[in-house]
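Take the given structure of chain F and dock chain H with the ligands to it, following the hints.
For the protein sequence lines, the chains are F and H, in the order given.
Numbering-wise (the working numbering), the first sequence opens with residue 13 and increments by one.
Numbering-wise (the working numbering), the second sequence opens with residue -8 and increments by one.
Hints are computed from structural coordinates only; laboratory data are not their basis.
Every residue, glycine too, gets a C-beta built ideally from N, C-alpha and C.
Just so you know, not all the hints are guaranteed correct.
Facing chain H, a subset of chain F residues (Cβ under 8 Å, in silico) [as the list claims (entries may be wrong)]:
#: 1; residue: Leu15
#: 2; residue: Glu17
#: 3; residue: Val59
#: 4; residue: Arg322
#: 5; residue: Thr326
#: 6; residue: Ala332
#: 7; residue: Met333
#: 8; residue: Arg334
#: 9; residue: Pro409
#: 10; residue: Ile410
Residue-level listing of the chains:
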Amino acid sequence: MILWEIYLLAQRTILRNALRSSLTMLGIVIGVGAVIIMVTLGSGATVKVTQDISKLGSDILYVRPGLGPHGPGGVRAASKPFELADARAIENSVAGLRAVAPTADTAGQAILGSANRSTTISGVTNAYFTVQGWQLADGRFFNDAELKAGKSVCVLGQTVQKELFGTVSPIGKAMRVGKISFKVVGTLQSKGASTFGQDQDDVIVIPLRTFQRRIAGNTDVRNIIVSVEPGVSTQAVKTDIEGLMRERRMIKAGQDDDFHVRDMKEIIDTFTSTTTIMTALLSAVAGVSLLVGGIGIMNTMMVSVTERTREIGTRLAIGAMREEVLLQFLVEAVVLAAFGGILGILLGLGASVLGARLIGVPFIFKPGIVALAFFFSGAVGIAFGYLPAQKAAQLDPIEALRYE
Amino acid sequence: MIATAARGEDLIELRGVTKIYGEGQATVRALDGIDLTIRQGEFVAMMGPSGSGKSTCLNILGCLDSPSQGSYRFADVQVEHLSLDQRAVLRRNFLGFIFQGFNLLNRTSALENVELPLIYRRMTARKRRELAMRALADVGLADWADHTPSELSGGQQQRVAIARALVGRPKVLLADEPTGNLDSARSKEVMEMLVEFNQRQGITIVMVTHEPDMAAYAHRQIQFRDGIIEAIQ
Ligand SMILES: Nc1ncnc2c1ncn2[C@@H]1O[C@H](COP(=O)(O)OP(=O)(O)OP(=O)(O)O)[C@@H](O)[C@H]1O
Ligand SMILES: [Mg+2]
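So here's chain F without its partners, still in its complex pose (with noise of 0.2 Å):
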């Protein structure tokens, strides 16, 4: 019998079973479902994460009060925050920098009217619009006088504008934060959601004297952004700058940090360290389903051996060699599994396109994993169905025939 007329038989077999044909296959479509889904979701996302510390900037160092994420106890209420002379301090005795920018935000209602709506208010310096990339859509950053005197101006986000203002041009008008009345000098174009899935958009950027004099009440600095020129180690500065802080901050030796430096790879690291986990989670997911569909498609194929004995004995009684027996339920199995191999690529690339569309990052066909998977579950069907298919030739044709 050639190899195209066996398959033929074993698709009729297969589809002649529709119902019992496709729970086999169940567990092969899972596996290779979420091993599908698993690569393209994970590439768009790395993808995704490469683009944004682009978009950013990998040359940027985060500097904060308390310990970083990875510390016990994550951030430490106790830790003294920051003062505007800590971003000076780095700014003057740190080489290699390009911007330093101090920050410090809160949660605040923007209101215009009865419009109104929950936002951060950040106080920054103009040197964060340079650090954090961001654009003007219109109208124009702070003036020296405005950040020096702490005057009551802000440049919004393209979220906010939207919910307050609409499509009317709001550069040059007055709206609130809390109870104290801004005039809107700029607005920001879009970031979109970053990485971790916040709509950077939705925020008020406010002068830092501002924020501290009229909103915050204190002269803390929460967070000091530096931005670290091209070609400058980022690890140096990062040193250089610890050493600063223990210094400013009077830090014994031996004792810990009560700051952190982070820059943009130990995000990534944190990122990526993630994405690991997950990885293997759904490795072993797949893998499992895998195996159980492989299990499946065996317990299948041995009751359809048992059924079809009489078919096997008639087979071998009018001439067919026991691998030509063999060859038909091995190429069975393989079809079953290929088959149940090409609904989970199918599937799983539709879940990957509406997931990618989810959380928001681009999806990406990977051809090799699509190969992979159907040579893979081809495989699951050639180990898993040689043992049946081992059965059925084995037969003996005068037993098989009086089989009932």
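Showing chain H with the ligands alone in chain F's frame:
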């Protein structure tokens, strides 16, 4: 591999064929030193009480089973020297089988059932279809080609089985109680068909039967008893 024997020449020769089933205390001598010669074009009936070894003998003739002792010559081939695969090739090219239980593939059309042996001869689909249609017409079932066995009567099913056995123009047709599941009218129909194939196409037929009426169609009747041939008429 096999030279064609002319009509009337010896085609099958069993010499001292013995078949022993089981081991130790529980052995059964299903066949006990059988000598039998069947000529090309003969129609032979095997008779005898239950358990006398008829089916065992037929299975050996069909190369489905091998004797414990003795020799089996088919045309110019010593069958005991053939491998399993070579026996399969011998079956597919020179032997046709009809079983008591028909053994058609269910949920498969009559036509495809008849095509089955030709698939293993690696015949093209068109050639297969043509030969199978002709074989079905020969047994009077041309109009039933698309029906599955469950849509056919017992007599029709056995006729499909005959068409399947004969579609490849075998040298020998082996039938184990081909009328065992049929009433007397259907049995007569089947027997007349076998006689016709035997006469027109010169196909050698070896048939096991319990019924003297059926055995009467044959040229020779071989009586089995306790694993030996008691009489040949
Ligand atoms: N596979 C087997 N294992 C053990 N004994 C067997 C086997 N096949 C047949 N026998 C025994 O061999 C003897 C001959 O059996 P066989 O089937 O040839 O008889 P038969 O003449 O065809 O009988 P029946 O008319 O009932 O079909 C019987 O005693 C039977 O029990
Ligand atoms: Mg019998």
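* Numbers of the earlier hints that this structure fails to satisfy, in rising order -> Going through the list in order, the structure violates hints 1, 3 and respects the others.
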